[in-house]
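Trainee: Here is how the chains run, residue by residue.
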Amino acid sequence: MNWRRRHVLGLSDFQPEEMEFVIDTARSMEEVLSRDIKKVPALRGKTVVNLFFEASTRTRTSFEMAGKRLSADVVNFSSATSSVTKGETLLDTARNIEAMKPNILVVRHSASGAPLFLSRHVSCSIVNAGDGANEHPSQGLLDLYTILKVKGKIAGLKVAIVGDILHSRVVRSDLHSLGRMGAKLWLCGPATLAPREMERSGAVVTSDIREAVRGADVIIMLRIQLERQKTAYFPSLREYSRRFGLNREIFSLAKEDAIIMHPGPINRGVELSDELADCERSVVLRQVESGVAVRMALLYLLAGGSHAAH
Amino acid sequence: MLLIKGGRVIDPASHRDGIGHVVLEGGKVREILAGDAPGGFEGEVIPAEGKWVVPGLIDMHVHLRDPGYEWKEDIGTGTRAAAAGGFTSVACMANTNPVNDSQEVTRHIVEKARREGSANVFPVAAVTRGLEGKEMADYSELAEAGAVAFSDDGKPVENPLLLRRAMEYMRPFGYRILSHAEDSVLAAGGAAHEGWTARKLGIPGIPSAAEEVAIARDILIARQIGGKLHIQHISTRMGVDLLRMARRAGLDVTGETAPQYFTLTDAALEGYDTNAKMNPPLRGEDDRMAILEGIQDGTIDAIACDHAPHEAYLKRCEFAAAANGIIGLQTSLPLSLALLAGRKVTPSHLVELLSAGPARILCLRNKGTLAAGADADVTVIDPDAEWEFRPVDVLSKSLNSPFLGWKLRGRASATICGGRVRHSTIPGVAADA
Amino acid sequence: MKILLDGKGVERVLSRLTHEIIEKNKGAGEIVLVGIASGGIPLSQVIRRKIQVIEGVEVPAGFVDITLYRDDLARAGYQARMKRTEIPFSIDEKKVILVDDVLYTGRTIRAAMDALIDFGRPRNIQLAVLIDRGHRELPIRADFVGRNVPTSRTETVEVRVEGNPEDWAVLLKEESRGKGE
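Residue numbers (the working numbering), protein chains in the order written: chain W, 1 to 310; chain V, 1 to 433; chain Z, 1 to 181.
If we strip away everything but chain W, and leave its shape as in the complex, we get:
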């Protein structure tokens, strides 16, 4: 297939062939990561700017690694120490950076739709590294890739996602990547955080973790996001953990070869018990590995070819 995208803003309009193409490219990238010299010149002379308006070390580091492995120049811009605190608008900030002619902007912002908005006003390629509660496309793809690596397939698998479904952009991207590729998704969380409406996407929504985990092939645990809540969505972490935390006993309801995933960072003892976080069924570290490869693939597809910023 021909890759035609100038931006990666979300997975909502990604066809299965496109997702497979990215995963295929990621596989080749992963081979590069297994070498002694983990660098190829594909993006030499190209510039990737990480424009992060929301704090994030792991995603930013992952994109930074990805860019550097492709020999790109990677520049980090984080809003806490910048012009944004002086009241500069998002558009002005982006335009100022665009004037320095980067090839790709990797953007993370707390407002849904911010990367889409930027793509209408600047001429470089935009990669969405997470916008509000909307999407986190590279996470959706790396979750798909990880499952394919470990399970060999995705169609027909039961995937349970447990946690703050309402605010999670990871869930929404996973619905596109895993759902569209044939997985059956179960979304589980407190009723205040797992709206029934999500069933319109084809998933099953439940507040019963046992029901969600029973017979599951993959369990994705989400970090419970305390920081976003002013008026509480649930009584306490203790109560949450009792109903929605994953421990050995509940995990035993899943398939024997079920795997545990988590986009990170993990709240040990809250959503995932200490022991389960490190058990051999947990593939969290493989997700991180896959993440760099998938991000390398995305950066390469956007800037390594005929769509380099002109």
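No lab work stands behind these hints: they were computed from the structure.
Quick caveat, the model's predicted, so the values are computed rather than measured.
There may be inaccurate statements among the hints.
Stated by the list, open to error - When the alpha-carbon atoms are kept at most 30 Å apart in a straight line, the in silico BS3-like pairs for lysine-lysine are as follows: (1) W:K86 - V:K155; (2) W:K151 - W:K39; (3) V:K315 - W:K101; (4) W:K38 - W:K68; (5) V:K315 - W:K86; (6) Z:K95 - W:K39; (7) W:K39 - W:K68; (8) W:K38 - W:K151; (9) Z:K50 - Z:K8; (10) W:K158 - V:K200; (11) Z:K83 - W:K68; (12) W:K86 - V:K397; (13) W:K38 - Z:K94; (14) V:K155 - V:K134; (15) Z:K26 - Z:K50; (16) W:K39 - Z:K83; (17) V:K397 - V:K112; (18) Z:K83 - W:K38; (19) W:K151 - Z:K83; (20) W:K101 - W:K68.
Knowing the structure of chain W, use the given hints to seat chains V and Z on it.
Mentor: Okay, now just chains V and Z, sitting in the frame of chain W:
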């Protein structure tokens, strides 16, 4: 002297709907003649054959941003937009800077409108000082200075006890509170209607309950103490139902809606279009249907566009950061005329909604009717004119409208305010400078 | 379309090539084969089998995808599809025989050498190609050439060395824009 001849004169307040010739003199309606047009008329003649001639339209919910935010709009440009939209009178809200909670500000508005305005401007003063929701404003002084009603619009009056006291105090004087009904706590953090579209786009939602709870509260307080209440910009089904219930219970509660709420739904948010961002938000299709039903069965008394101008950069940004509101004076009439399709509403009823109703609610004597002795505020409407609403047509200082580029049907051919032509697209009939 | 070599012809040429490699390197002891994806891969497999037959030695063989090292990525009319790289052995101090089907501008070979050097430090790198079609744009030359075929830029050379040896062939085709390198 002015003669508007040959038009279909629609004046529900005098139970009139038929061809007639309207004679204006000395700033008043002198009479309406039947039969053939009088020959040899001394004075300006405005041909209105094939058009409607109605009492000057009144929009009772407009933000003129003057004083304090004149880069968004001012009394001059706002009333020019109003006149072009067919409006001879507007009621402007108090969320200016300084807030209209003192006679000085009220007088400023009235006088500036007299000097520079192209339409009558009736200030709506604040319910609470500074719109802070803590202390009542000096209502009588404000009324004397020209305020026709009171509203904290932009914000609700949060404290129910304060609302009760204000309404109770006002009762003997016959003042009415126009309520922006919203429970801010339930609505907190939301930027769009809480529904599937907002979920899909990852935008935090404002539940319908935030409006409904507040409308119920305000109605029940009005019921408790017998006050006069008007519910602004109704957008939900339950909101309409509550108004209907209040009316059936014989309470003096009136209500308005805006054209956007019976024309658009939250589907307009696709692509994070900031011109679809407003408060209350665009709701679902069922709510839109309920608003239409409420208009049809007479529950809703008025259409008011909530004209809310904003400078470009407040809309040219990510959705969460965009300002709420759209301009509406130039599109309100054509969008309302669309209600005639499928006979949802009769022309007479439409004139009620856009003129007689607002006049009654705000106790604007001599307005909203073409009876002899009424003020010479007349709108000539061409209900069939087809036109496109383009940026170059916008007379407001701001361009924040989701209707730009729309092909519309119906517009004001001439707007006459106090006997002076303030807007005209009729060849040979010039507007006063 | 012209048949430059048929099945038998290709066999004979490859046999000769293999003998030359063995002769120049005084045996198969220190050599490793690296086929350039994708045309050089089946070719390197054939050579490997032949060395096995002639010298009785199993020479380590791998393959390298040069997509990430190309110098014309920005001008590629379509997104170059990535292939696999697999070099599951050390190339340090080894004599690496790079194998490709057609040598053209030389840019592929340059990219392959860059890739190899990222893998380790070979003792030397030698180049074996089935067809050299001329039009070099870089100072690259093959150590072992099956056949020299003068071509024009509008022609393409197609090499088939998979499946039944009777079906192997080298074809010369007239095309609007050849991608043969």
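Trainee: A separate judgement is required for each hint: does it hold in the structure or not?
Mentor: Right, here's what the structure says about each hint:
As the CA atoms of W:K86 and V:K155 are separated by approximately 28 Å, the hinted pair is consistent with the 30 Å bound. Between W:K151 and W:K39 the CA atoms are separated by roughly 28 Å; this keeps the pair inside 30 Å, and the hint holds. Between V:K315 and W:K101 the CA atoms are separated by roughly 26 Å; this keeps the pair inside 30 Å, and the hint holds. For the proposed pair W:K38 and W:K68, the alpha carbon gap of about 9 Å is at most 30 Å, so the pair holds.
For the hint linking V:K315 to W:K86, the alpha-carbon distance of about 20 Å falls within 30 Å, and the restraint holds. Proposed proximity of Z:K95 and W:K39 is supported: the alpha carbons are some 23 Å apart, at most 30 Å. Of the supplied pair hints, the one linking W:K39 and W:K68 holds, its CA atoms being roughly 8 Å apart against a limit of 30 Å. A hinted pair counts as satisfied when its Cα atoms are at most 30 Å apart, and W:K38 with W:K151 qualifies at roughly 26 Å.
Distance check on the hinted pair: Z:K50 and Z:K8 sit about 15 Å apart at the alpha-carbon level, within 30 Å; holds. Between W:K158 and V:K200 the CA atoms are separated by roughly 23 Å; this keeps the pair inside 30 Å, and the hint holds. Of the supplied pair hints, the one linking Z:K83 and W:K68 holds, its CA atoms being roughly 21 Å apart against a limit of 30 Å. Straight-line distance between C-alpha atoms of W:K86 and V:K397 comes to about 28 Å, which keeps the hinted pair within the 30 Å bound.
Proposed proximity of W:K38 and Z:K94 is supported: the alpha carbons are some 21 Å apart, at most 30 Å. Proximity of V:K155 to V:K134 is assessed by CA-CA distance (about 13 Å); at most 30 Å being required, the pair is judged to hold. With a C-alpha separation of about 16 Å, the suggested pair Z:K26 and Z:K50 falls inside the 30 Å cut-off, and the hint holds. The straight-line distance between the Cα atoms of W:K39 and Z:K83 is roughly 17 Å, inside the 30 Å bound, and the hint therefore holds.
Simply put, V:K397 and V:K112 have alpha-carbon atoms about 17 Å apart, close enough for the 30 Å limit, and the pair holds. Between Z:K83 and W:K38 the alpha-carbon distance is near 17 Å, which keeps this suggested pair within the 30 Å criterion. Note on W:K151 and Z:K83: the hinted pairing holds, with a Cα-Cα distance of about 22 Å set against a maximum of 30 Å. About 18 Å separates the Cα atoms of W:K101 and W:K68, which keeps this hinted pair within 30 Å; it holds.
Consistency note: the structure conflicts with none of the earlier hints.
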